[in-house]
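Participant: In case you want the letters, here they are:
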Amino acid sequence: MLLLRYTARRLLLMAVVLLGISIVAFVITHLIPSSPAALWIGGHATQEQIDRINEEMGFNKPIYVQYLLYMKNLLRGDLGVSLCTKRPVRDELARRFSATFELVTLSLIVAVLVGVPLGILSATHKDTWGDRISRLISISGVSLPSFFLAMLLQLAFASHLHLLPLQGRIDSEILSEHPITTITGLYLIDPLLTGNWVAFKSSAQHLILPVFALAFTSVGIVTRIARSSMVEILNEDYIRTAHAYGLSRPLVEYKYAFKNALLPVITVLGLSYGYMLGGTFFIESMFDLPGLGHFGYNSIIRNDFPAVMGVTLLYATSFILVNLIVDLVYFAVDPRIRLKPKND
Amino acid sequence: MTALTARLNLRYTAYLLRRNPMFVLGLLIVLGLVLCAILAPVIAPYDPGKIDFRAKHLPPSVEHPFGTNIRGQDIFSQVVYGTRMSLLISVIVVALSLLMGVPTGLIAGYFGGRVDEVIMRMTDAFLAFPPMLLPIAIAAALERNLLNGLIAIAVSWFPWYTRILRATVLVTKEELYVESARSIGVRDTLIILRHVLPNSVSPLVIQASMDMGYAILFAAALSFIGLGAKPTDMEWGRMVTSARAEFLDFWWTATFPGLAIFVTVLGFNLIGDGLRDILDPKVRGR
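Here the protein sequences come in this chain order: A and B. Per this note's numbering, the first sequence starts with residue 1, numbered consecutively. Per this note's numbering, the second sequence starts with residue 1, numbered consecutively.
One thing to keep in mind: the hints can contain errors.
Stretch by stretch, here's where chain A covers chain B in the computed footprint (C-beta under 8 Å, at least three residues) [said to hold, decoys possible]:
no.	region
1	93–101
2	135–146
3	220–227
4	247–255
5	260–266
Hints were generated in silico from the structure; no laboratory data involved. Beta carbons are placed, not taken as given, at the ideal position from N, Cα and C, and that holds for glycine.
Bound-form chain B, shown alone:
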C-alpha cells in the first residue's frame, strides 16, 4: 500500500479533512454505524424480535422513538440491530466481488493476449445488462434467501472490478520498478503480488468504498421483490417492504428503516467521493 501510506501522513491528512467536510461527514456516519452495530444490545431498548400485539402501531414516543409495527415490535431496536446486517451485507458483497474481480483483473491486465481477450469479452456480456436486472435474474434463479441475493449482486458486479483493475494494471506493469524486478528474474506471481497489485489498487479502493453502500441499496431492493431477506431477518429493506401494506396509515413503519438505508448509503458515497479526492490528485478540486 505504498501509494496509500505515503499520502496518509498526519498533517497532510488533517489538511485534506479540512478541505473536505463532506468526507468527514461520511466518515462520521459510517463510524456511527459501526459503533451502533457493536453496541446494538446496549443501545436498543427492546428485543427487536419480541412480538407484543397489545403495543402494535404505536406512534413515535419517548418509549418507542421510532414507534412500533404491526406486531408491536419496537422499530428503533429493529433499525439498530439492522446496522449489523447492513454492514455484514456490505462486507460480504464487496469481498465476494473482490475475490472474483481481483484475480481476473490481474491476469487479464498482466498477461494480456488471448486470456485478456476472453476475460474482457466475458465482462462485456455481463455489463451489457441493465444494472439492476442481472442481480434480479440471478437471485430469481437461486433459492430465495439473503446470502443468495448477495451472491447474485457480487456475480453481477465483479466484472466492473475486473475492468477497473485491468486498466490500472496495464499502466503499472510498464513501470520501471516492475521492469527491473522482471530483469533480475523475479517470478511473475511475486511481481504481481508485491509490485503490481499494491500500486494498482487505488481506483478499486474508491469503487469498493462506494459499493459498500450500493450493496445495502441493492440488497434492500432484492428484499423488496422477495429475493433477499426473510421476514424474520433484521434487514432494513425487508422492514420497509413489510410495512408496504400499512405505511399509509402508520407512516413511521416504513420511514425510519428507509431513512437508515438512505443515510448509510449516503455515508459510503461521501467517503468514496472523498477518497477519490485524496487518492487521485488529478481530480482534486473538482
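Bound conformation, chain A alone:
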C-alpha cells in the first residue's frame, strides 16, 4: 500500500519533469541557426521554395506555437518527420530501438557482473595490491574516452588479432544464407528462438567489442561504489559483533555484509544507464551499429532537429523511467527509507 502511494507520487512527479524536459529539449533544438527549410529541400533551394516549406511545416510560426503544435502531435504519438530521411521520426526510432536496447542491456549486465565482484573483493582485501589495482581499473574506467577505447579494441582484436569483427551488427553474407526470422526484433534472441546457430554466433561476435567498450565506464562506477559501500558495512557494529561471536569470515562477509553493500549499487545503476545512453552516440557510430545513438549522431551532423529532438526525448524518458524503477526497487528492498520523513 505504501509502495503504491509512493509509486503514484513518483509517477506524477515524473510527468512534471518530462514536461520540463520537453520544453528544454525543444527550445534547444530550435535555436539551431541553419534553416530547416533549406535542409528539407536539399541542394540549391530558391527563396520561394523555402518560404513555401516554412509555411507548410510551420517553421515561421512563433516558437511557442511550434511547441504547442509539437506537443499536440507528441501526445498523439507523432514525433514529426525527419528532415533528412523524410520519414516519420517515430518509425526511424522504432526501427533502431532494438539494436540499442540489446547493446545497453547487455552492457549493464556486464557492468554488474564485473563491477560488483571486483568492488567487493577490493573491499575485503583493502589496502593490498589487488585492491590498488582494482581501484586503478575503476578510475581508468571513468578516465578513458569511450570512442578511444573503441578504437583501441578495434585495433587490437579486429585489425591485428583478427579475433572479432571490426564493425557492423551481423555478417551480411551469413545473414543472406541464414536469414533471421523476426520475432522480438533482437538479433541476439531471434536466432536463438529459431535455432539459427550460425546467425547467432555472428550476431554475438559482433556485440562483444561494443558491449565491452560501452560497459567499461560503468564497470568503473559500479566497482567504486561497491567497494566503498562494502568497506563502510564491514566497519559496522553488527559485523564486528558477528566476528566477535566467532562466525567464519566468509559467512560474515557474504551473508551479512554483502547484501547490505549491494543497496548503493542499485542506485548507481540508474546513473550508469544514463552514461551508457550518452555513450551509444560514440560506440554505435564507431562500430557502425544500426541503433538510436548512431541515428542521433547522424542527425546532429546533418542538423536534423526533429530527429535530434526525438532521440533526446526518448533517451531522457527512458532515463527517467529507469531511475523510477531503481527508486522503487530501492524502496522495496530497504525498509529504512519508508521510515524517513519525506522532506527530500
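Using the hints, position chain B against chain A.
Facilitator: Same frame as chain A, now just chain B:
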C-alpha cells in the same frame, strides 16, 4: 579558506601524502602537464602545425617519438601543444560552471523558501537528462566551435554545483558563528561571502578538481561528433577523431593523443580522490 588552511599545515600534509600514493601520482601528472604547457615551445621538436607531405605516416622513431600523421605533422609536438588547450578547457569549463553554480547554490541554500524551490526544480529538469546528452543537444544548437562546446558542457554541469553547494550551505548557515554574525547585524551579503561560502566550499573543491579532468573528456567527445574543436585546433579529442580513417593502418595516429586524454583525466581524478580523503575526514581510510 579557514577549514582548508587549518588542515594544510606541513607535517600533516607530509603524513597525508605518504598515506596516499595515488594522490601524489595525480599531483605529479598534473604538475607535469602544467610544465609541459608552459614549456611547450621548448619541449616540442617541431612546429605542430607544419605540414610536410613527404614525411606523412612515419612510425614512431627517435626523430618523431609519436610518429607523424597524414599531413606529415609531428604527433609528439601536437600532443605537447595540446596540453595548453586541455588545461584551458578545464579552467574555462570549471570556471563557467562555478560562475553559474556558486551564486545559485548560495542563494538557494541561504535564503531558502520559494527562491530555493524554483532553483531546485530548475536543476531537476537539467539533471533529468542522461549525462552526455544535454551538452550534445546544447552544442548542436549553437554555432559549432570549441568555446560553444565548452559553454554547453558548463551549462549542463552547473546544476550539480548548485546542488552540492546548497546542501552544505544548509548546514553551515545554522552554525553558531553565522548566528552570532547575524545577531550583531552583519549584512547578508557579508555573512555569505565571509562566513558561509568559505566554510561550505570543500565538497565543491573536490567536485571541481574531478571535473577539471571530465571537462577534457567531454570536450574530446564533443569534438568526436563534430561539435567541438575545429580541424586546426590543437585539441587531443580532435586529433583522435581526425585519425579515425587511418588509425587501423597507422596505430600511432590515434593512440598517443588518446593516451594523453586518458592520463590527464586520470591525474585529475586521482587528485579529486585524494582531496576527498584530506578534506573530508569522515571518509578517510575508505
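Participant: Hint by hint, say whether it matches the structure.
Facilitator: Hints and how they fare:
Using a Cβ-Cβ cut-off of 8 Å, 0 residues of the region 93–101 of chain B lie near chain A, which falls short of the minimum of three, so the contact claim is violated. Here the region 135–146 of chain B counts 7 residues with a CB under 8 Å from a CB of chain A, which clears the bar of 3, and the coverage holds. Look at the region 220–227 of chain B against chain A: 6 of its residues bring a Cβ nearer than 8 Å to a Cβ of that chain, three or more, so the hint holds. For a cut-off of 8 Å, the count of residues in the region 247–255 of chain B with a CB near a CB of chain A stands at 5, and the three-residue condition holds.
Remark: the region 260–266 of chain B is confirmed as covered by chain A, as 4 of its residues place a Cβ nearer than 8 Å to a Cβ of that chain, reaching the required three.
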